[in-house]
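Novice: Required output: the full structure, derived from the provided sequences and hints.
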Amino acid sequence: MTWRRLPSKTRGKLDLLLWPLVNLVRMRFRLKNVLAITGVLLFVPFIFVSFYNERGHREYEEGLEKRFADLRDRLQYAEALNRQREDDLFTLRSQFNLFVSSLAKNVSAGSQYLDQFLPGLGSMLQNYTHPSDDGIQLPGIYSYLPHLVGRPNSLVPAHSLSQGRHGVSIVIGIPTVKRDSVSYVAQTIDSLIAGMTPEEQKDCLIVLFVAEPYNEEFALFVMKQLKKGFPEAVSSGLLEVIVPPAGFYPNIDNLKPTFGDTKERVRWRTKQNLDYSFLMLYARSRGVYYVQLEDDVVSKPGYLSVMKSFAYQQKSNDWLLLEFSTLGFIGKMFKSADLPFVVEFFLMFYADKPIDWLLDHLLWVKVCNPEKDFKHCNRMKQEVRRRFKPSLFQHIGVKSSLKGKVQKLKDRDFGKHGLARAHMNPAAQLATSLKTYQKYTLLKAYTGETFFWAVAPNAGDIIDFKFNPAIYIEKFLFRSGNPDHPDDIFHDTTIQVHPETMPTAPVMNLPALTGSIDAPAPGFFLVGQFNAEGLAEGDIPAALGKINVVRIHVTTKSHNWVIISEILIQRKEDAEA
Numbered sequence: 001m002t003w004r005r006l007p008s009k010t011r012g013k014l015d016l017l018l019w020p021l022v023n024l025v026r027m028r029f030r031l032k033n034v035l036a037i038t039g040v041l042l043f044v045p046f047i048f049v050s051f052y053n054e055r056g057h058r059e060y061e062e063g064l065e066k067r068f069a070d071l072r073d074r075l076q077y078a079e080a081l082n083r084q085r086e087d088d089l090f091t092l093r094s095q096f097n098l099f100v101s102s103l104a105k106n107v108s109a110g111s112q113y114l115d116q117f118l119p120g121l122g123s124m125l126q127n128y129t130h131p132s133d134d135g136i137q138l139p140g141i142y143s144y145l146p147h148l149v150g151r152p153n154s155l156v157p158a159h160s161l162s163q164g165r166h167g168v169s170i171v172i173g174i175p176t177v178k179r180d181s182v183s184y185v186a187q188t189i190d191s192l193i194a195g196m197t198p199e200e201q202k203d204c205l206i207v208l209f210v211a212e213p214y215n216e217e218f219a220l221f222v223m224k225q226l227k228k229g230f231p232e233a234v235s236s237g238l239l240e241v242i243v244p245p246a247g248f249y250p251n252i253d254n255l256k257p258t259f260g261d262t263k264e265r266v267r268w269r270t271k272q273n274l275d276y277s278f279l280m281l282y283a284r285s286r287g288v289y290y291v292q293l294e295d296d297v298v299s300k301p302g303y304l305s306v307m308k309s310f311a312y313q314q315k316s317n318d319w320l321l322l323e324f325s326t327l328g329f330i331g332k333m334f335k336s337a338d339l340p341f342v343v344e345f346f347l348m349f350y351a352d353k354p355i356d357w358l359l360d361h362l363l364w365v366k367v368c369n370p371e372k373d374f375k376h377c378n379r380m381k382q383e384v385r386r387r388f389k390p391s392l393f394q395h396i397g398v399k400s401s402l403k404g405k406v407q408k409l410k411d412r413d414f415g416k417h418g419l420a421r422a423h424m425n426p427a428a429q430l431a432t433s434l435k436t437y438q439k440y441t442l443l444k445a446y447t448g449e450t451f452f453w454a455v456a457p458n459a460g461d462i463i464d465f466k467f468n469p470a471i472y473i474e475k476f477l478f479r480s481g482n483p484d485h486p487d488d489i490f491h492d493t494t495i496q497v498h499p500e501t502m503p504t505a506p507v508m509n510l511p512a513l514t515g516s517i518d519a520p521a522p523g524f525f526l527v528g529q530f531n532a533e534g535l536a537e538g539d540i541p542a543a544l545g546k547i548n549v550v551r552i553h554v555t556t557k558s559h560n561w562v563i564i565s566e567i568l569i570q571r572k573e574d575a576e577a
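The opening position of the sequence shown corresponds to residue 1 in the working numbering, with each subsequent residue numbered one higher.
Calculated from the structure, these hints are not laboratory results. Be aware that one or more of the hints could be misleading.
In silico DSBU-like links for lysine-lysine, alpha-carbon gap of 35 Å or less [stated by the list, open to error]:
1) Lys263 <-> Lys353
2) Lys202 <-> Lys557
3) Lys332 <-> Lys178
4) Lys546 <-> Lys475
Restraint-style ranges between C-beta atoms, simulated for each label pair [claimed, not checked]:
5) Ser285 <-> Lys366: 31 to 39 Å
6) Asp487 <-> Gly523: 27 to 35 Å
7) Lys366 <-> Lys256: 23 to 31 Å
From the three backbone atoms N, C-alpha and C, an ideal C-beta is built for every residue, glycine too.
Specialist: Set out below in structure tokens:
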């Protein structure tokens with residue numbers, strides 16, 4: 001029997017009996033809803049704060065990891081220099097022992113004559129025990145280039161234009177030769193220097209290697225032109241020019257042709273291998289990292305900071321090669337400590353194969369298992385040969401250094417998703433309430449490795465750059481959006497700073513609030529805002545003193561995602577330097 005078929009009196013009695021139970025159930029459901037809503041209201045801010053702190057802590061840890069990586073690589077560089085000094089002392093001692101040994105063998109006839117000048121020298125040499133001829137000797141450059149024995153001047157540049165700069169982070173090596181009716185050297189060097197900040201120029205060395213030992217007139221002409229064209233770079237020590245001695249090169253006119261190449265091509269690639277070897281050995285003691293370039297490339301702005309950041313980012317130190325271009329031997333970075341055995345491998349086979357082939361063989365010997373397949377070998381090589389994308393260097397040359405050869409090589413990965421510019425920003429703790437998209441983190445944008453990409457910001461979202469201790473800041477620049485995503489820019493967003501000590505007098509020259517811009521938070525001062533093109537830049541008044549927080553503050557909700565492609569926070573000391 002259904003409810004409607006019950007008599008009305010019966011339904012009434014049942015309503016009286018069931019109504020308290022229904023009300024009780026409703027009250028319990030309402031109470032649960034209230035408790036649930038209350039829990040959400042209390043728990044969500046806690047989650048947000050925890051997430052915000054965790055993100056800032058993670059960014060801070062990544063910054064510390066990069067600092068430790070820098071110290072680790074510099075320690076390895078110092079150890080390599082120490083080994084180099086030990087090798088030099090060993091060579092010197094061996095030569096001295098050889099000299100004394102030969103002198104001791106012939107001293108009996110003239111011992112009285114020697115004693116007239118240095119009493120006791122004759123008897124001392126007669127009792128001298130020279131090294132045994134049965135001892136072993138380690139192979140070295142003389143094993144692969146035996147014509148260098150007894151010719152020490154063949155290991156020293158014949159001509160050099162140098163201020164002797166040492167101890168930089170990165171040494172860039174550029175070999176060049178005379179080409180028919182064209183030269184790209186000036187354009188290459190101009191691009192490299194223009195792509196650095198003043199601070200980066202102090203931490204880099206560019207070595208141009210004029211590989212024309214038999215054409216002294218041309219080599220000296222190049223040195224003169226570069227000294228005239230880049231006087232500041234030469235006088236500061238940023239740019240060096242060296243010319244190898246002709247005695248360094250063996251006779252390469254009668255080489256055995258291989259791989260179907262002509263004698264001229266075999267001679268060209270063999271000399272090129274020797275050029276690279278001399279240049280690497282010359283540069284290995286000058287900086288922590290060595291980057292190989294060619295004389296017909298252009299660079300992306302900020303490339304130096306990106307390379308350093310990528311090197312510091314490596315979780316392990318077992319890499320041999322970092323690549324910043326897909327082409328040939330362009331943009332290849334080595335640890336300077338690894339250069340001796342890299343060059344030794346090149347010298348063992350310098351007359352057999354081109355340099356890029358030898359480099360690939362070196363990696364195969366180092367990590368590949370002959371019992372595994374080709375795919376496994378490639379995976380293992382990728383562990384020690386790590387690629388950075390997008391490429392930082394582009395090949396611009398058309399005429400090759402090999403006479404008659406035309407090469408229109410272009411790096412298709414150059415310029416993709418590129419930076420506006422990377423900068424050497426001061427150390428900071430980074431934090432943001434914005435949700436980061438994939439690997440495009442704020443830290444990577446701050447160090448210049450790539451851009452920061454986040455989902456659409458809401459009103460009240462912030463990005464903080466915290467400095468501990470506080471620093472004097474001269475100026476700032478934040479560029480949002482990029483060519484691939486021009487609409488991902490900040491709207492109604494301000495730049496605010498928090499001074500370490502609140503100024504006692506009114507601060508002049510601060511921008512006024514416009515449109516829907518909110519007033520800064522307590523303790524913060526408005527110093528700029530993003531314009532219609534997504535750019536915010538300006539100076540920070542000296543009256544604010546030291547700054548401990550620079551903040552990007554979003555005032556209104558945006559429908560688009562946001563990209564920060566360039567970050568510059570310039571310390572006052574850096575600007576004066």
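Novice: Which earlier hints turn out false for this structure, listed by number in ascending order?
Specialist: Checked against the structure, the hints that fail are numbers 2 and 5, while the rest are satisfied.
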